[in-house]
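Visitor: Quick note on the numbering used here: the sequence shown kicks off at 0 and runs consecutively.
Source of the hints: derived by calculation from the structure; they are not laboratory data.
All figures in this text were calculated on a predicted structure; none of them were measured in a lab.
Hints may contain errors.
To be verified - The list that follows gives simulated cross-link-like pairs (lysine-lysine, DSS-like), each with its CA atoms no further than 30 Å apart:
1. Lys3 / Lys62
2. Lys202 / Lys337
3. Lys326 / Lys202
4. Lys326 / Lys337
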Amino acid sequence: MTAKLPILVTGVAGFIGFHLARRLLDDGHTVLGLDNLNDYYDVSLKEARLALLRNHARFEFVKLDLGNRLAMDSLFAGNSFQRVVHLAAQAGVRYSLVNPHAYVDSNLVGFLHILEGCRARSVPHLVYASSSSVYGANTSMPFSVHHNVDHPLSLYAATKKANELMAHTYAHLYGLPCTGLRFFTVYGPWGRPDMALFAFTRKILAGEPIDVYNYGRHRRDFTYIDDIVEGVARVMDRIPAPDPGWDSERPNPGTSSAPWRVYNIGNHTAVELERYIQVLEQCLGRTAERRLLPMQPGDVPDTWADISALEADVGYAPSTPIETGVKRFVEWYREYYKV
Numbered sequence: 000m001t002a003k004l005p006i007l008v009t010g011v012a013g014f015i016g017f018h019l020a021r022r023l024l025d026d027g028h029t030v031l032g033l034d035n036l037n038d039y040y041d042v043s044l045k046e047a048r049l050a051l052l053r054n055h056a057r058f059e060f061v062k063l064d065l066g067n068r069l070a071m072d073s074l075f076a077g078n079s080f081q082r083v084v085h086l087a088a089q090a091g092v093r094y095s096l097v098n099p100h101a102y103v104d105s106n107l108v109g110f111l112h113i114l115e116g117c118r119a120r121s122v123p124h125l126v127y128a129s130s131s132s133v134y135g136a137n138t139s140m141p142f143s144v145h146h147n148v149d150h151p152l153s154l155y156a157a158t159k160k161a162n163e164l165m166a167h168t169y170a171h172l173y174g175l176p177c178t179g180l181r182f183f184t185v186y187g188p189w190g191r192p193d194m195a196l197f198a199f200t201r202k203i204l205a206g207e208p209i210d211v212y213n214y215g216r217h218r219r220d221f222t223y224i225d226d227i228v229e230g231v232a233r234v235m236d237r238i239p240a241p242d243p244g245w246d247s248e249r250p251n252p253g254t255s256s257a258p259w260r261v262y263n264i265g266n267h268t269a270v271e272l273e274r275y276i277q278v279l280e281q282c283l284g285r286t287a288e289r290r291l292l293p294m295q296p297g298d299v300p301d302t303w304a305d306i307s308a309l310e311a312d313v314g315y316a317p318s319t320p321i322e323t324g325v326k327r328f329v330e331w332y333r334e335y336y337k338v
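Generate the whole structure from the sequences, applying the supplied hints.
Guide: Now the structure itself:
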């Protein structure tokens, strides 16, 4: 991948988008970042991320909502992107229970505008964010891209599955190379305040009790941000091709006769929430007061990623244990919030 043509990163003020853009800039690329800076969580945190990116001469920011069709058409018409990495979305499983329309507007309508822009400008490769939540009611562990994902448990998960289907349609009809990445519980410095690690840290330092759902028994494939970014960067350079072995009589859900691919991108380690909290307590030097609660509607009991496809295709090898990753987050949190 050359460093001449710009790379479009949507959701650039978000957690993963910020880290990816910084990595691409450090690697010598030109990045055009898009974000609508909505108030789903603290806008000042998004602005602080952007401030760091703006230190790079090869970074340009556009404040734009994915749902604005005319503005999105104009954005693509005025640029030739060598890659589009689409990370912008309305995130959160629980929020989808109270504000479902936000997920349709951003995750479905917005994604259509991305697909149309890539099609019209013949973008060489669209990489987009899917989610481990697409596995839904599936309890066969570890989750594999070869598993069926037809039983989502939240509207958020349904929109992410829909994104994979929409991308496949464009890959089939127009030959648009598309790669979907199913992220597994990403954490680390500059993380999202609505994620457990951030919320737990804030409350423990404030002496407040933490809400521990499913009584701390569910497991998550916690994946450190640097490992995620490394995986995304590797995938960007691997443009998918039709799978010559794909059989329509026995269709493989992970590949296609079109230039389309999906991958799990996780740590390949399932950690119980209670263990995660214990590591955080050690890093903070404080003990949490736990408020044990049943599992929330829309949540799944466990996630655990089979990353063998990503390992085989791009050499993905996550290397950050939670003890290291949580420690780095706590160090960032104390410095950023002056705690």
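Visitor: All hints, please: hold or fail.
Guide: Right, here's what the structure says about each hint:
1. Using a Cα cut-off of 30 Å, the hinted pair Lys3 and Lys62 holds, with the two alpha carbons roughly 23 Å apart.
2. With a CA separation close to 15 Å, the supplied pair Lys202 and Lys337 stays within the 30 Å bound.
3. Simply put, Lys326 and Lys202 have alpha-carbon atoms about 17 Å apart, close enough for the 30 Å limit, and the pair holds.
4. For the hint linking Lys326 to Lys337, the alpha-carbon distance of about 16 Å falls within 30 Å, and the restraint holds.
Comparing the model with each numbered hint stated earlier shows that all of them hold.
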